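Chains C and E, in that order, are what the protein sequence lines are.
Taking this note's numbering, the leading residue of the first sequence gets 4, the next gets one more, and so forth.
Taking this note's numbering, the leading residue of the second sequence gets 187, the next gets one more, and so forth.
Rather than coming from a laboratory, the hints here were simulated on the basis of the structure.
Bear in mind that the values here come from a model prediction, so they are computed numbers and not experimental data.
For glycine and all other residues, C-beta sits at the position ideal for the given N, C-alpha and C.
Hints should not be assumed to be uniformly reliable.
Stated by the list, open to error - With a Cα cut of at most 30 Å, we get these calculated BS3-like pairs of lysine-lysine: (1) E:Lys-326 - C:Lys-7; (2) E:Lys-192 - C:Lys-216; (3) E:Lys-510 - C:Lys-193.
Stated by the list, open to error - Reference listing, derived: stretches of chain E covered by chain C, where coverage requires no fewer than 3 residues with Cβ under 8 Å from a Cβ of chain C: (4) 276-284; (5) 287-295; (6) 502-508.
Residue-level listing of the chains:
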Amino acid sequence: MLRKRLVDFLLRYGAFIALALVLIFFSLRSPIFLTPRNILNILTQVAVLAVASFGMASVVMGGGTDVIAGGIDLSIGAILALVTAVCATLISQGMAVPLVLLIALVVALIIEAFNAVMIVYLGLLPLLATLAMMFTINGLELVFTQNMIIAVDSPFVRAIADGRVLGVPVMVIILLVVFALYHLVLHQTKTGMHIQAVGGSPEAAQTSGLAVKFYSVLSYLLAGVAATVSGLLVLARLSGSTPGISGVILLDIVLATYVSATFSPRWQVNIPGVLLGAFLVGVLTNGFTLINVPTFWVHGIKGLLVLFVVSATSLQQKGASV
Amino acid sequence: MSEQTKNILEMQAIVKDFPGVRALDHASFTVRAGEVHGLVGENGAGKSTLIKILAGVYQPDEGAITIGEETFRSLTPHMVEQLGIQFIHQERYLVPHFTIAESIFLGQEKCYRGLPLIDHRSMTRAAEAYLAETLGVVLKGRTLIRDLSVAEAQIVQIAKALMANPKMLVFDEPTAPLARREVDILFDVIHRLKAQGITIVYISHYLQEIAEICDRVTVLRNGVDVGTLVTRETTTEEIVGLMVGRTLEEMFPPREPQIGPAILEIERLGDNERFFDISFTLHQGEVLGITGLIGSGREALIDTLYGLDARETGDIRYHGQPFKRLNPVRAVKSGLALVPRDRRKHGLIVDFAVNDNINLSSLNEVARSGFLVRKQARTRSAEMVKSLDIRTPSVETIVRYLSGGNQQKVVVGRWLNSEAEIYLLDEPTVGIDVGAKVEIYQLVNRLVSRGAGVILVSTEIPELLGMTDRILVMYRGRIIKEFETRSATADSILAWSTGGQSTLEGK
Numbered sequence: 004m005l006r007k008r009l010v011d012f013l014l015r016y017g018a019f020i021a022l023a024l025v026l027i028f029f030s031l032r033s034p035i036f037l038t039p040r041n042i043l044n045i046l047t048q049v050a051v052l053a054v055a056s057f058g059m060a061s062v063v064m065g066g067g068t069d070v071i072a073g074g075i076d077l078s079i080g081a082i083l084a085l086v087t088a089v090c091a092t093l094i095s096q097g098m099a100v101p102l103v104l105l106i107a108l109v110v111a112l113i114i115e116a117f118n119a120v121m122i123v124y125l126g127l128l129p130l131l132a133t134l135a136m137m138f139t140i141n142g143l144e145l146v147f148t149q150n151m152i153i154a155v156d157s158p159f160v161r162a163i164a165d166g167r168v169l170g171v172p173v174m175v176i177i178l179l180v181v182f183a184l185y186h187l188v189l190h191q192t193k194t195g196m197h198i199q200a201v202g203g204s205p206e207a208a209q210t211s212g213l214a215v216k217f218y219s220v221l222s223y224l225l226a227g228v229a230a231t232v233s234g235l236l237v238l239a240r241l242s243g244s245t246p247g248i249s250g251v252i253l254l255d256i257v258l259a260t261y262v263s264a265t266f267s268p269r270w271q272v273n274i275p276g277v278l279l280g281a282f283l284v285g286v287l288t289n290g291f292t293l294i295n296v297p298t299f300w301v302h303g304i305k306g307l308l309v310l311f312v313v314s315a316t317s318l319q320q321k322g323a324s325v
Numbered sequence: 187m188s189e190q191t192k193n194i195l196e197m198q199a200i201v202k203d204f205p206g207v208r209a210l211d212h213a214s215f216t217v218r219a220g221e222v223h224g225l226v227g228e229n230g231a232g233k234s235t236l237i238k239i240l241a242g243v244y245q246p247d248e249g250a251i252t253i254g255e256e257t258f259r260s261l262t263p264h265m266v267e268q269l270g271i272q273f274i275h276q277e278r279y280l281v282p283h284f285t286i287a288e289s290i291f292l293g294q295e296k297c298y299r300g301l302p303l304i305d306h307r308s309m310t311r312a313a314e315a316y317l318a319e320t321l322g323v324v325l326k327g328r329t330l331i332r333d334l335s336v337a338e339a340q341i342v343q344i345a346k347a348l349m350a351n352p353k354m355l356v357f358d359e360p361t362a363p364l365a366r367r368e369v370d371i372l373f374d375v376i377h378r379l380k381a382q383g384i385t386i387v388y389i390s391h392y393l394q395e396i397a398e399i400c401d402r403v404t405v406l407r408n409g410v411d412v413g414t415l416v417t418r419e420t421t422t423e424e425i426v427g428l429m430v431g432r433t434l435e436e437m438f439p440p441r442e443p444q445i446g447p448a449i450l451e452i453e454r455l456g457d458n459e460r461f462f463d464i465s466f467t468l469h470q471g472e473v474l475g476i477t478g479l480i481g482s483g484r485e486a487l488i489d490t491l492y493g494l495d496a497r498e499t500g501d502i503r504y505h506g507q508p509f510k511r512l513n514p515v516r517a518v519k520s521g522l523a524l525v526p527r528d529r530r531k532h533g534l535i536v537d538f539a540v541n542d543n544i545n546l547s548s549l550n551e552v553a554r555s556g557f558l559v560r561k562q563a564r565t566r567s568a569e570m571v572k573s574l575d576i577r578t579p580s581v582e583t584i585v586r587y588l589s590g591g592n593q594q595k596v597v598v599g600r601w602l603n604s605e606a607e608i609y610l611l612d613e614p615t616v617g618i619d620v621g622a623k624v625e626i627y628q629l630v631n632r633l634v635s636r637g638a639g640v641i642l643v644s645t646e647i648p649e650l651l652g653m654t655d656r657i658l659v660m661y662r663g664r665i666i667k668e669f670e671t672r673s674a675t676a677d678s679i680l681a682w683s684t685g686g687q688s689t690l691e692g693k
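Looking at chain C on its own, in the form it has when it is part of the complex:
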């Protein structure tokens, strides 16, 4: 009995404990780690990742956490990179910023709509459909940017990159606003509940009279919105667009999204957990840099974490069938 309670406790709080231990470890090794300034620094660094992961989480919640057959969007990194490229190009050509953002949003939504059609109406596995889309969009981006860096010098972009409100960087504010929106929609509204139902059991959703296809498509469109905001944040950080963004970020997005389940008592991918997961990724990167560990190690550890988290979720799924 005691053993079971211990196991339950570990399963529920293990991830929080791990995060706390990591924070303690780094703060012991480096005195400036746990300062407000550094924390804000980390949040700024992971804003891009967190926002993109909210989008990925929407898709996973709407399609099920089975990594093979469930909802996933491998193209989200490519889409946000394309958004960055499109914005950089159009802004540097002098187009008005609101119009540029609108165009970027439409582009992202059209691509995600394509994903949704392939998956929902043609019945393709999300893993394969979005993988194919990822390659397509990567190619599209190369054609668009001719594999060149596009620098942008715009007051709007600079405001996002450097601006602060009451001492908090604008990027962090944008992150928190997007977080609040996605949390509200996915966890507190009927729509969010329905998206989760469709992901948890399409049959149950169907027999409850829910429009299963509609909610699936909606989850992909939510990813498109997140990709757009994330692309904009990248634009701000880099003051332009660079080739090669999408590949690097995808692993981090997958990690942050799936690790969110470990922070939830229901072991389900969830928005607050994603924020914590993104923060964890940022902590690892930032922390290792502060203590002068080469980034190679960070990649390795992230890879192991993804493996661990995905296995844990998969094992948990096996025991969870009703």
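Go by the hints and put chain E onto chain C.
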């Protein structure tokens, strides 16, 4: 029988054809308002097709459906729901990671006034109140579905169906995964629902429960209704007779058992979890039946006999030789054969051809120095196809496209090829039409006439009575009764399957 009792449902002369088979042949089904009406029939009799037509999943080729005052040629799921009929399926259509409250209110979540935000707290309280008032069940609204027992999840499913204020509930095999105590709770719920004026259709093959809970019962056989009886005025024997249609002598090929020495001895076998202290002996030329409800441990027992699951205690002796550790490889080498209960998952490689599957366990016979001799393999399988009358366009046909009965024959054929001496047949005729069943029974007789011993696990009483020499009844992990088949009756087998109490009075 008053004229005033109206019919809430009338399915008239329903015909439904599928490629190659007529599933329903002018079947009719009439339910009176307010009654609990059972629907029984063997596998393949058409129960599930009839109910799917009622649910709007299939459309009938002929016939009409009258619900209340309105008559329809065909239905859709949406219409059926609007007409006040809800289904409690065998599968639990619930989201595992939702709470009870979220599941019950899915689609009609309670929100704060004015805002589209869900009020979880009031929803939880409402769910708990609803469960208590309508079903008399106390459960915490915040419990996750996956943490519920099968019976509790079923209660949640029923509560959800009731939210739509249905006039009729259709239960499809509700008690298969339940323990006796849980069945009692379900029956209490059904009585409550009946008292509230809800009509119940109860599909089950546990005839004892039909007798307990139903007012009337309709029997389907070969796609047509062959009788509607008042349960109080009939016997299990009569119902079984209607289900099977022929007398037992006609249904099952004649047997002249020649029982030889013991070939398998099981002593005090147990896995200390699902079955305990099992001892029995199987003889050459004998068909030994094993039966029991779900939860009786019979499934675990078979898996252990074949070496799929490890045992904790007990001895297995084959031809007098003990086995310390048994796994399927050693089992097959020693002459055991398993025809598993889920043939698509465990019995066949569905994407392989008939030829490949039949030769699978005896590849040594069709190989020379490790290389397959295709011609020889094909000849062997052609012979087997002929001898078992497997209906397939050719031996190269992919098994997936064969009917259930023919697929099962392929599985049996594979083992006939391997010349096993002990056959473990786990529910071998589930989902197979009556004609194919008879052929499988003939196969079993051929096996035992060659001197093999057969263990037949089944929950179909007619099958047990017609095919076995002895029957072991399992209950809660132990053998509770052993019968000589010639002195067993349907009633007694049923009674012992549920623990030994008979609830059929005066029969």
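Checked hints:
1. Pair hint Lys-326 (chain E) plus Lys-7 (chain C) holds up; C-alpha atoms about 21 Å apart against a cutoff of 30 Å.
2. Restraint check: the Cα-Cα separation between Lys-192 (chain E) and Lys-216 (chain C) comes to about 40 Å, which exceeds 30 Å; the hinted pair is violated.
3. A distance of roughly 58 Å separates the Cα atoms of Lys-510 (chain E) and Lys-193 (chain C); the hinted pair therefore is violated under the 30 Å criterion.
4. For a cut-off of 8 Å, the count of residues in the region 276-284 of chain E with a CB near a CB of chain C stands at 8, and the three-residue condition holds.
5. For a cut-off of 8 Å, the count of residues in the region 287-295 of chain E with a CB near a CB of chain C stands at 5, and the three-residue condition holds.
6. With a threshold of 8 Å between beta carbons, the proposed coverage of the region 502-508 of chain E by chain C is violated, since 0 of its residues qualify and at least three are required.
Hint violations for this structure: numbers 2, 3 and 6, all remaining hints satisfied.
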